[in-house]
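For the protein sequence lines, the chains are A and B, in the order given. When we follow numbering that gives the first Met the number 0, the leftmost residue of the first sequence carries the number 0, and every step to the right adds one. When we follow numbering that gives the first Met the number 0, the leftmost residue of the second sequence carries the number 0, and every step to the right adds one.
Derived from the structure by calculation, the hints contain no laboratory data. C-beta: ideal position from N, C-alpha, C; glycine also. Honestly, I wouldn't trust all of these hints.
For lysine to aspartate or glutamate, the following EDC-like pairs were computed, each having C-alpha atoms within a straight-line distance of at most 20 Å [claimed, not checked]: (1) B:LYS72 to A:GLU512; (2) B:LYS205 to A:GLU68; (3) A:LYS205 to B:GLU63; (4) A:LYS188 to A:GLU109.
Listed next, with one range per pair, are the computed distances between beta-carbon atoms [unchecked claim]: (5) B:THR256 to A:ARG237: 45 to 51 Å; (6) A:ALA342 to B:ARG189: 19 to 25 Å; (7) A:ARG477 to B:PRO393: 50 to 56 Å; (8) A:VAL214 to B:GLU519: 45 to 51 Å; (9) A:THR115 to B:GLY331: 58 to 64 Å; (10) A:ALA342 to B:LYS272: 47 to 53 Å; (11) A:THR115 to B:SER360: 35 to 41 Å; (12) A:LYS379 to B:SER360: 54 to 60 Å; (13) A:PRO362 to B:GLN529: 57 to 63 Å; (14) B:LEU196 to A:THR256: 55 to 61 Å; (15) A:SER211 to B:ARG189: 56 to 62 Å; (16) A:LYS210 to B:TYR337: 21 to 27 Å.
Protein chains: 2
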Amino acid sequence: MPRATKRPSAATQSLFDNENDDTVARKTRTKKKAGGAADAKGTGGSPAPRKRATAQSMAERQREISVSEFFTKNRHLLGFDSPLKALLTAVKEAVDNSLDACEEAGILPEIRIALTQTAENRYRMAVEDNGPGVIDSQIGKIFGKLLYGSKFHKLSQSRGQQGIGISAAGMYGQLTTGKPVRIVSRTGKRKDPVEFLLSIDTAKNKPEIHKSEVVEWDKDHGTLVEIEMEARYQKGQRSVDMYLKQTAIANPHLTLTFVDPAGEEVVYPASTKELPPETIEIRPHPHGIELGRLIAMLKETTARSLSGFLREEFSRVGPMVAKRIIKAAGKGLTEKSYPTRIAREEASALHEAIQKEKISSPPTDCIAPIGEELLISGLKKELEADFYVAATRPAAVYRGNPFQIEVGIAYGKPGGIGLEVTDEGRIAKRKDSKAATEDLVGSADETARVIRFANRVPLLYQQSACSITKGIIQTNWRGYGLQQPRGGLPIGAMAIVVHIASVWVPFTSESKEAIAAYPEILKEIKLGLQECGRKLGTYIRKGKRIKREFEKRSYIEKYIPHIGIALQEILDLPDRERDEVVATLEDVLHKSRKF
Amino acid sequence: MPRATKRPSAATQSLFDNENDDTVARKTRTKKKAGGAADAKGTGGSPAPRKRATAQSMAERQREISVSEFFTKNRHLLGFDSPLKALLTAVKEAVDNSLDACEEAGILPEIRIALTQTAENRYRMAVEDNGPGVIDSQIGKIFGKLLYGSKFHKLSQSRGQQGIGISAAGMYGQLTTGKPVRIVSRTGKRKDPVEFLLSIDTAKNKPEIHKSEVVEWDKDHGTLVEIEMEARYQKGQRSVDMYLKQTAIANPHLTLTFVDPAGEEVVYPASTKELPPETIEIRPHPHGIELGRLIAMLKETTARSLSGFLREEFSRVGPMVAKRIIKAAGKGLTEKSYPTRIAREEASALHEAIQKEKISSPPTDCIAPIGEELLISGLKKELEADFYVAATRPAAVYRGNPFQIEVGIAYGKPGGIGLEVTDEGRIAKRKDSKAATEDLVGSADETARVIRFANRVPLLYQQSACSITKGIIQTNWRGYGLQQPRGGLPIGAMAIVVHIASVWVPFTSESKEAIAAYPEILKEIKLGLQECGRKLGTYIRKGKRIKREFEKRSYIEKYIPHIGIALQEILDLPDRERDEVVATLEDVLHKSRKF
Chain A
0 MPRATKRPSA ATQSLFDNEN DDTVARKTRT KKKAGGAADA KGTGGSPAPR KRATAQSMAE
60 RQREISVSEF FTKNRHLLGF DSPLKALLTA VKEAVDNSLD ACEEAGILPE IRIALTQTAE
120 NRYRMAVEDN GPGVIDSQIG KIFGKLLYGS KFHKLSQSRG QQGIGISAAG MYGQLTTGKP
180 VRIVSRTGKR KDPVEFLLSI DTAKNKPEIH KSEVVEWDKD HGTLVEIEME ARYQKGQRSV
240 DMYLKQTAIA NPHLTLTFVD PAGEEVVYPA STKELPPETI EIRPHPHGIE LGRLIAMLKE
300 TTARSLSGFL REEFSRVGPM VAKRIIKAAG KGLTEKSYPT RIAREEASAL HEAIQKEKIS
360 SPPTDCIAPI GEELLISGLK KELEADFYVA ATRPAAVYRG NPFQIEVGIA YGKPGGIGLE
420 VTDEGRIAKR KDSKAATEDL VGSADETARV IRFANRVPLL YQQSACSITK GIIQTNWRGY
480 GLQQPRGGLP IGAMAIVVHI ASVWVPFTSE SKEAIAAYPE ILKEIKLGLQ ECGRKLGTYI
540 RKGKRIKREF EKRSYIEKYI PHIGIALQEI LDLPDRERDE VVATLEDVLH KSRKF
Chain B
0 MPRATKRPSA ATQSLFDNEN DDTVARKTRT KKKAGGAADA KGTGGSPAPR KRATAQSMAE
60 RQREISVSEF FTKNRHLLGF DSPLKALLTA VKEAVDNSLD ACEEAGILPE IRIALTQTAE
120 NRYRMAVEDN GPGVIDSQIG KIFGKLLYGS KFHKLSQSRG QQGIGISAAG MYGQLTTGKP
180 VRIVSRTGKR KDPVEFLLSI DTAKNKPEIH KSEVVEWDKD HGTLVEIEME ARYQKGQRSV
240 DMYLKQTAIA NPHLTLTFVD PAGEEVVYPA STKELPPETI EIRPHPHGIE LGRLIAMLKE
300 TTARSLSGFL REEFSRVGPM VAKRIIKAAG KGLTEKSYPT RIAREEASAL HEAIQKEKIS
360 SPPTDCIAPI GEELLISGLK KELEADFYVA ATRPAAVYRG NPFQIEVGIA YGKPGGIGLE
420 VTDEGRIAKR KDSKAATEDL VGSADETARV IRFANRVPLL YQQSACSITK GIIQTNWRGY
480 GLQQPRGGLP IGAMAIVVHI ASVWVPFTSE SKEAIAAYPE ILKEIKLGLQ ECGRKLGTYI
540 RKGKRIKREF EKRSYIEKYI PHIGIALQEI LDLPDRERDE VVATLEDVLH KSRKF
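Model the full assembly from the supplied sequences, consistent with the hints where possible.
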């Protein structure tokens with residue numbers, strides 16, 4: 000096959016296009032002479048100075064770029080920039096999918112994650128869930144095609160929203176190890192478990208299935224996905240371990256098992272048997288709609304009247320609102336106008352009328368926050384601290400999208416203030432001052448730790464670019480008894496947790512690492528922080544009093560035995576009476592405590 | 000047509016999937032009972048608690064997401080987040096395309112940009128060039144399809160690299176105004192100019208051509224693109240004006256005309272008649288290749304031997320290097336192994352052998368920097384300052400990609416230090432201290448202005464996330480006589496220009512606003528800054544001396560007349576002699592200057 004006519008595939012395109020190549024250069028010249036004819040015969044004339052491109056020769060190099068090729072070359076956009084981050088991203092995408100599927104199917108999720116080192120810089124990730132499974136005909140597309148999924152086109156609260164994640168993880172594995180993705184799935188007791196081996200044809204963005212067969216599997220239903228990839232495993236702030244720990248905090252209904260590369264198993268048991276309420280899908284709110292989208296919707300609707308269109312396709316539009324909008328739009332539009340026949344000019348008038356009409360805010364029951372109680376119990380389970388507080392804000396709306404903010408604070412690391420009031424009203428030193436959660440609460444002279452969640456998914460990267468961090472910085476923590484440098488996070492042994500739940504979380508990038516700073520979102524974050532901050536302030540002030548009291552008392556306590564001895568000497572008491580006096584004095588001291 | 004069976008199109012999908020809809024909910028229940036059968040008959044039984052989804056019902060909701068839909072919903076990723084930024088992004092994409100096309104075709108670019116306000120928050124952008132034009136059959140795809148282009152698959156220095164920009168601008172216009180894009184193009188004198196009106200079918204990512212016809216046009220060749228969009232126009236640091244001014248600096252061969260919405264015309268004339276050298280396309284360097292990519296290349300090559308494959312598909316691999324690699328790989332591979340028959344295991348060994356083999360760095364003649372001379376003349380043309388310096392670093396390599404860093408500094412705003420040495424060696428105050436370029440040079444007590452370019456394109460957003468800014472901050476400017484707060488930019492009336500030219504610029508996002516901080520890139524940036532910094536330091540020290548000298552002299556100068564008068568009184572001189580003495584004294588003073 001002559002080189003110049005071969006299929007211009009991804010890998011050989013650069014060669015095909017190489018203008019240094021004599022054949023191609025000559026070809027281009029010929030074409031120019033022929034005024035754009037597609038004749039590829041070489042003329043072989045004298046070596047004239049190389050001519051630059053023409054519209055014709057440039058046209059020949061234009062071609063489609065598949066979305067897989069695009070994201071392979073730009074994999075840093077999806078969170079696969081370094082081996083360390085790639086491992087975290089892959090685990091995250093798999094766990095997100097498992098949780099979404101379990102919740103959608105009403106199953107209490109049990110997920111097992113195992114990482115195995117297969118070579119110096121290679122790991123195999125296996126994520127197994129007890130979810131509803133994936134039917135055979137969908138496995139290829141779900142795991143082997145970018146931009147394919149069920150969540151992109153609906154407005155409902157879910158972890159995934161783009162249909163990219165898990166396929167991108169597989170694509171990264173394939174790129175770095177050449178190995179296919181392994182999937183085992185079963186959709187029910189009476190169905191056979193099937194095993195798939197597949198890779199992605201990046202030039203076509205299509206799955207290539209190497210193997211699919213019925214296998215033995217001990218699960219009644221669920222999915223297992225295995226990806227081998229170039230990776231680095233390391234514990235710490237942005238590790239898989241940290242991600243899983245935080246996932247357990249935000250998902251108290253989840254039972255999570257993690258087997259790390261050393262073979263150690265950690266289990267995060269569920270702290271509730273109740274699934275989060277099912278998240279309801281909503282229709283778009285009219286105020287959030289762009290003109291172009293309205294025109295597309297008018298074209299595609301099955302409603303037979305304009306009034307019907309407005310009522311059926313949007314939330315919060317009843318017959319009266321529809322009537323008023325149509326009247327305000329004018330341009331000869333009536334409630335009975337046939338939607339598909341409405342031209343651009345009329346649609347534009349309709350769009351304007353919609354923006355001007357007062358329409359109630361979108362329904363907010365489509366959001367499922369964690370809830371104050373579960374957030375606190377989640378924090379208690381994973382973070383050892385002295386004081387916990389949480390606040391769930393009422394739902395609000397940005398750009399037509401409902402969202403809800405929750406804030407939790409865990410304050411005072413054992414061994415920090417290190418005091419607790421026992422059930423009997425006694426102040427005791429904590430026995431176990433060894434903090435297993437050092438990483439999450441930090442020490443008293445450090446800045447507060449920020450734990451960010453979006454739809455219950457921990458966000459570990461790009462903290463400073465996130466509106467959650469901005470909200471914390473813009474809150475006045477000095478008012479609550481904490482130190483805070485100008486333009487910085489507050490100082491103290493504390494973890495600040497912020498969760499945003501929304502039908503559409505506005506991430507700043509595809510890798511979903513930071514929340515865009517919409518004013519409405521920032522405002523709600525700050526209100527939530529203030530709510531918790533006030534309670535924290537009360538506790539801190541009380542804590543300071545306790546501390547002073549404790550210091551005073553421990554000082555007196557220290558001398559009570561000496562007082563006893565002195566009294567014994569002065570009054571010539573027997574040892575028994577001396578001990579009685581000491582006990583009485585201690586008792587009086589405890590009773591005189593004023594808190 | 001019953002609702003449940005209609006085509007699930009973008010706009011109606013949310014309705015189709017709405018689980019609140021009784022029909023759908025009942026349908027789901029039926030299916031569950033039937034164990035996954037696709038029977039859609041409603042049972043209409045008693046209102047049992049709503050069941051959640053099954054693998055079957057979930058599968059029915061899975062669908063493909065077109066890349067246009069994806070980027071419409073995520074348009075902030077492409078730089079279309081606000082009306083202000085959208086206008087800049089659209090102009091930038093159109094101008095980038097024009098410049099790339101002109102250079103590729105060897106035409107000295109003349110570009111005219113006109114912005115017209117069409118409604119309160121709407122503008123029409125028209126960008127017209129004298130480029131090679133686009134042939135009819137390509138117009139639809141180039142302007143109406145995302146991920147289509149000629150630059151993605153080749154390694155060569157160009158402004159565009161993704162095949163998204165101009166189509167995304169059109170898509171944004173369509174989304175916000177409903178209006179199609181207008182294109183006029185002509186590929187040569189003997190060809191007819193054609194006019195196209197087109198929009199993008201976002202659900203399919205395909206152009207919809209509304210009109211294409213031959214029209215009258217006064218240009219011999221070129222392209223005009225017109226997009227109307229929701230936008231805001233405003234002058235300032237991140238304005239269209241600023242972008243164009245900076246574009247003129249980095250493209251001294253460009254003649255640019257800008258007509259702003261008020262109808263005012265600004266012309267930036269070209270300062271050179273020479274096109275930048277044509278950028279050569281290169282083959283990938285073997286050290287930058289991932290295993291998965293190597294496997295794909297082996298499959299797709301037309302080379303008939305492994306040795307031929309290595310030599311033809313990669314740069315810097317000659318027969319000896321190929322031989323050594325193949326020998327090191329082992330696994331029975333020989334120079335004559337047939338590439339398409341090499342299995343994964345062997346490819347993996349080959350990949351390892353490639354990484355271990357010493358291979359010379361990729362060729363760097365594929366990079367076309369602006370050059371020190373042209374960079375300085377560009378700065379002089381657009382920025383009024385006292386001192387200019389530029390440095391073009393030798394080409395270097397990151398991750399197998401050649402790149403080159405250039406740095407320019409314009410220092411000392413007229414009216415700042417405000418002195419200049421005249422041709423006669425006299426120190427004079429500048430006449431015109433009104434700085435037309437206030438915005439670009441800043442004042443003496445402000446931080447330096449940073450002007451960033453990537454492949455000659457100005458970067459106006461995300462300055463703090465950019466490795467250029469990091470390089471400036473990490474440079475010790477105090478050593479060059481400037482103030483610099485810890486972890487901050489230097490202080491002074493100056494503009495620091497940094498240009499990175501590369502066959503693949505590693506942007507941190509699709510909107511191409513900041514450069515990723517690869518260590519090799521950061522190092523080169525700092526070396527370039529140091530080179531300029533040292534020269535600046537010499538100038539500043541001299542400047543400080545001049546200033547001190549000037550102050551002393553002006554002080555003496557002030558008193559010379561008084562000395563004259565005193566001498567006159569003491570020596571009883573006539574006025575003429577007194578004036579002579581004064582003149583002599585002034586002359587002596589000027590001659591005694593020591594620089």
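query = Does the hinted range 57 to 63 Å hold for A:PRO362 and B:GLN529 at CB?
reply = Hint holds: Cβ distance 60 Å, inside 57 to 63 Å.
20 Å Cα cutoff - pair B:LYS205, A:GLU68 = holds (18 Å)
query = Honestly, do B:THR256 and A:ARG237 meet the 45 to 51 Å range at C-beta?
reply = holds (50 Å)
ask   = Measuring from beta carbon to beta carbon, are A:THR115 and B:GLY331 in 58 to 64 Å?
value = violated (29 Å)
key: Distance restraint evaluation - A:VAL214, B:GLU519, Cβ atoms, bounds 45 to 51 Å   = Between A:VAL214 and B:GLU519, where Cβ atoms are some 47 Å apart, the hint holds.
query = Honestly, do A:LYS379 and B:SER360 meet the 54 to 60 Å range at C-beta?
reply = Given about 56 Å between the Cβ atoms, the range holds.
key: A:THR115 paired with B:SER360, Cβ distance criterion 35 to 41 Å   = Since A:THR115 and B:SER360 have Cβ atoms about 37 Å apart, the given range 35 to 41 Å holds.
message = Between the alpha carbons of B:LYS72 and A:GLU512, is the straight-line distance 20 Å or under?
response = Holds. B:LYS72 to A:GLU512 sits at ~17 Å (cutoff 20 Å).
request  = Mind checking the hinted window 21 to 27 Å against the Cβ distance between A:LYS210 and B:TYR337?
outcome  = Once the Cβ atoms are compared, 25 Å apart, the range 21 to 27 Å for B:TYR337 and A:LYS210 holds.
key: C-beta pair A:SER211, B:ARG189: status relative to the range 56 to 62 Å that was hinted   = With a Cβ separation near 58 Å, A:SER211 and B:ARG189 satisfy 56 to 62 Å, so the hint holds.
request  = Starting from the hint 47 to 53 Å, judge whether the C-beta atoms of A:ALA342 and B:LYS272 obey it.
outcome  = The hint (47 to 53 Å, Cβ to Cβ) holds, given that A:ALA342 and B:LYS272 are roughly 50 Å apart.
inquiry  = Holds or violated: the 55 to 61 Å window for the beta-carbon distance between B:LEU196 and A:THR256?
reply    = holds (59 Å)
Consistency note: the structure conflicts with the earlier hints numbered 6 and 9.
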